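Asks: Take a look at the letters that make up each chain.
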Amino acid sequence: MVKYARIHAKIPTSGLTIALLGVFLSHAGSAAAPDTDPSTADHSKFEQLKGPFADGPSVTKACLECHTEAAKQLHKTSHWNWAFENPVTGQTLGKKNVVNNFCVATATNWPRCTSCHIGYGWKDGSFDLSSEVNVDCLVCHDTTGSYKKFPTGAGHPNYEPKKWPPKKGKIRPPPDLVKVAQGVGKPDRDNCGACHFYGGGGDGVKHGHLDSSMHNPSKSTDVHMDVEGLNFSCQTCHTPGGHEIAGSRYAPNATDDQGIYVPGRTNTGRASCSSCHGNAPHGDESNSKLNQHVDKIACVTCHVPEFARGGRKTKMWWDWSTAGRKDQHGKPLVIKDSEGYDTYNFKKGDFRWEANVVPEYRWFNGEVGYATLGAKIDDSGVVPINTINGDYGDPDSRIWPFKVMRGKQPYDTQNKVLAVPHLFGKDGDAYWKSFDWGRSIKAGLEATGQDFSGEYDFIETEYYWPITHMVAPKEEALGCDSCHSRDGRLASLKGFYMPGRDRSDWLDRIGWLAVLGTLGGVSVHGLGRLLTSRKRRKS
Amino acid sequence: MSRVFMYSRFLRLWHWLQALLIVTLLLTGFEVHGTYRVFGFEQAADYHRLAAWTLLGLWVLAWFWHITTGEWKQYIPSPVGRVLAMMRYYSLGIFRGEPHPFHKERWNRHNPLQRMAYLALHVVIGPAIWISGLIYIAYPYWGEYGLGGLSLTLIAVLHTGAAFLMLAFLVMHLYLALTTSERLFGNLKGMITGYEEEVGEETSP
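Chains R and L, in that order, are what the protein sequence lines are.
Take the first sequence: its position 355, counted from the start at 1, is 355 in the numbering used here, and no numbers get skipped.
In the numbering used here, each number is its position in the second sequence, counted from 1, plus 539.
It is worth saying that the hints were derived from the structure and are not from the lab.
Everything numeric in this text was worked out from a predicted model, so none of it was measured.
Be a bit skeptical, because a hint or two may be false.
Claimed, not checked - Among the chain L residues that face chain R by a calculated CB cut under 8 angstroms, a handful are:
#  : residue
1  : Phe578
2  : Tyr628
3  : Gly632
4  : Phe634
5  : Gly636
6  : Pro640
7  : Ala659
8  : Ile676
9  : Ala677
10 : Trp681
11 : Leu706
12 : Val710
13 : Ala716
What the hints assert, rightly or not - Taking lysine to any residue and the SDA-like style, the derived pairs with C-alpha atoms no more than 25 angstroms apart in a straight line are:
#  : chain 1 : residue 1 : chain 2 : residue 2
14 : R       : Lys219    : R       : Thr322
15 : R       : Lys347    : R       : Leu527
16 : L       : Lys728    : R       : Arg529
17 : L       : Lys728    : R       : Leu527
18 : R       : Lys289    : L       : Leu697
As the list claims (entries may be wrong) - The following residues of chain L were derived to be distant from chain R, with all beta-carbon distances above 10 angstroms:
#  : residue
19 : Trp592
20 : Leu595
21 : Tyr614
22 : Tyr629
23 : Ile633
24 : Pro638
25 : Gly685
26 : Leu727
27 : Met730
28 : Thr732
Each residue gets a CB set at the ideal place from its N, CA and C atoms; glycine is no exception.
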């Protein structure tokens with residue numbers, strides 16, 4: 001308790017205390033500094049893990065002999081269910097139920113998508129979510145770095161040497177399951193990153209603030225995860241408990257005003273800035289105005305000045321409508337830019353990639369509404385995949401930064417629903433086999449219990465992704481002018497007066513007219529006096 | 540020709556410090572307003588706040604000084620006839636080389652128009668600026684003081700409007716103060732040394 005109180009008092013004062021806090025936090029449960037928190041078990045000494053293991057589920061079976069409750073705990077999580085009941089909106093979300101504007105939907109594309117599921121064998125809609133042995137312990141707990149799920153293996157690694165990509169790729173050797181099993185430990189950035197850095201089908205595609213640069217980020221990329229510095233793991237903030245991880249993009253805590261996380265007093269975990277930094281985070285050396293912004297501005301708005309800052313680009317535009325083209329030789333077309341990023345891929349259409357992206361800003365109170373499978377859309381304009389709620393007058397709203405993913409995706413023009421394209425599979429309905437949108441959309445919609453009218457087109461959509469990672473060192477945070485200026489970052493946020501940005505045009509017109517009028521008046525007066533006095537002198 | 544003591548030491552200190560602060564506030568204020576960029580918003584706003592508090596302190600002293608010394612009486616408006624005479628002088632007489640209709644003395648320093656202008660400065664423009672400014676500065680605490688329903692737009696417009704009046708006043712003041720004394724820059728010199736040189740014969744009060 002004394003320790004907590006001391007840290008509480010010191011946090012706003014200096015970088016040194018933040019460093020101290022880092023040491024303290026890694027004590028509290030991170031794997032970033034293993035020597036300070038060694039495990040009480042050496043897994044290489046366990047009889048159960050001597051092997052040999054035929055496949056992943058056999059390893060899980062061995063794990064569960066000691067960790068009897070682990071699978072049951074995981075069965076409750078969205079990592080396992082790919083489903084999430086939003087307590088605020090009542091919507092059922094999760095990868096199983098939402099539509100996005102990347103690869104659109106998981107339904108009918110299971111084996112490809114579920115290479116990022118924490119289980120084994122989710123290859124179609126009939127996957128048994130109550131199976132304990134199908135929980136994949138290794139993908140999160142491997143510390144050897146050699147365990148990798150095969151991209152099309154429905155969550156399994158390859159057990160035989162196998163090429164990826166299928167035709168011209170390199171051979172991927174199977175993981176040594178015994179070595180992996182004996183080397184298990186707490187997850188580090190590489191475990192989480194194996195999926196979260198590569199969401200949307202590749203490095204940095206989806207989030208913009210999570211990509212391969214976060215495996216070992218520099219201080220400038222992420223001040224907390226800086227390998228040379230604080231070296232936080234994901235769990236330092238995303239505090240786990242019973243395999244439930246704090247922090248949710250579906251139901252974010254946009255305004256954590258509980259202050260510093262103290263056991264017994266607060267209960268939301270550390271997945272917010274203020275849970276370590278408090279609600280008056282800027283110290284005496286800072287402009288006192290900064291702490292007065294806390295009630296309106298999310299920390300990340302100033303402290304993540306740009307996303308995709310680690311040297312990787314993120315996908316900002318994905319136009320499915322142009323997919324399927326061939327080059328002049330009749331071969332499937334792929335166009336790469338000078339840095340090797342796909343700008344066109346016959347399987348997926350046109351892309352735009354960007355690095356060091358300035359976020360877009362919205363008022364946000366944590367409430368997000370989603371276009372789920374089968375939801376009716378209004379096709380008269382750009383279709384929002386999700387809607388960010390909040391406004392200036394709402395005390396629970398803050399201005400937040402977002403990556404806004406935009407693109408064009410197929411929809412049923414008669415039934416007015418976003419299509420669920422069946423993309424991946426060996427069957428002829430799969431778009432990546434026949435390149436026939438009609439068949440692909442029909443198969444996808446029907447598999448999710450919807451009718452297809454037979455008519456489709458492509459429609460522009462946008463999807464808001466709150467930016468929370470890649471917090472920059474304080475020297476690189478935004479200055480006042482970034483927003484308090486005529487065409488600053490918040491130029492498009494209306495409904496409130498902001499000094500430096502706003503003015504009454506009428507007052508300015510009248511005011512300057514009065515000032516210039518006075519100036520003109522005294523000039524004429526003075527000139528008149530000069531001329532008349534000269535005249536008098538002559539006469 | 541004689542020297543007349545016109546401006547006491549405190550009056551001169553008050554005048555010049557106020558001049559410096561008002562110019563600083565106008566410069567930084569119009570930057571905060573977004574009219575141009577010199578210091579950057581943060582510095583401009585910081586300097587603006589610092590100068591504002593200093594000016595408020597100075598004004599407290601100045602009001603105290605005016606009240607306790609009786610100097611406030613120098614702002615009592617003159618009879619209409621004398622005001623009209625001044626207006627006639629500035630619009631006609633000054634071009635004809637007529638003598639100034641007003642004679643300046645230690646305890647009757649302001650001509651009828653100055654009395655009106657300075658009275659307006661002290662009881663209208665000044666308070667409009669500091670009252671709106673204080674409310675503006677207290678913005679983060681509006682909720683606590685039960686002012687949550689107040690419009691920042693309104694306060695900002697009042698504050699900026701008063702600033703335009705102040706700027707217009709400054710232009711007018713500089714022109715008249717610098718060019719209408721009997722000797723060129725006589726007023727300026729007087730405001731620095733405290734003494735003014737009189738030209739011509741002395742008249743009785």
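Asks: Taking 8 angstroms as the limit, does the beta-carbon of Trp681(L) come near enough to a beta-carbon in chain R?
Replies: Violated - the Cβ of Trp681(L) stays beyond 8 angstroms from chain R, reaching only about 11 angstroms at its closest.
Asks: For the hint on Leu706(L), just tell me whether its beta-carbon gets within less than 8 angstroms of chain R.
Replies: holds, 5 angstroms
Asks: Go through the hint on Ala659(L) and say holds or violated, using the shortest Cβ distance to chain R against 8 angstroms.
Replies: violated, 14 angstroms
Asks: Examine each Cβ of chain R, and state whether all of them lie more than 10 angstroms from the Cβ of Tyr629(L).
Replies: With a cut-off of 10 angstroms, Tyr629(L) comes too close to chain R, as the shortest Cβ separation is near 8 angstroms.
Asks: Check whether the Cα positions of Lys728(L) and Arg529(R) lie no farther apart than 25 angstroms.
Replies: holds, 22 angstroms
Asks: Decide if the proposed pair is consistent with the structure: Lys219(R) and Thr322(R), CA atoms, cutoff 25 angstroms inclusive.
Replies: violated, 39 angstroms
Asks: Going by Cβ atoms only, is Ala677(L) closer than 8 angstroms to chain R?
Replies: violated, 11 angstroms
Asks: Looking at Tyr614(L) again, its CB stays over 10 angstroms from all of chain R?
Replies: Label holds. Min Cβ-Cβ 22 angstroms, cutoff 10 angstroms.
Asks: Is the shortest C-beta separation between Tyr628(L) and chain R less than 8 angstroms?
Replies: violated, 12 angstroms
Asks: Does the claim that Leu727(L) lies off the interface hold, with its Cβ farther than 10 angstroms from every Cβ of chain R?
Replies: Holds, because the least Cβ-Cβ distance between Leu727(L) and chain R comes to about 16 angstroms, which exceeds 10 angstroms.
Asks: Per the CB criterion, is Val710(L) less than 8 angstroms away from chain R?
Replies: Status holds, d = 5 angstroms.
Asks: Does Ile676(L) pass the interface check with chain R, least Cβ-Cβ distance below 8 angstroms?
Replies: Result: violated, 10 angstroms to nearest chain R Cβ.
In summary, the structure is inconsistent with hints 1, 2, 3, 6, 7, 8, 9, 10, 13, 14, 15, 22 and 23 from the numbered list given earlier, while agreeing with the others.
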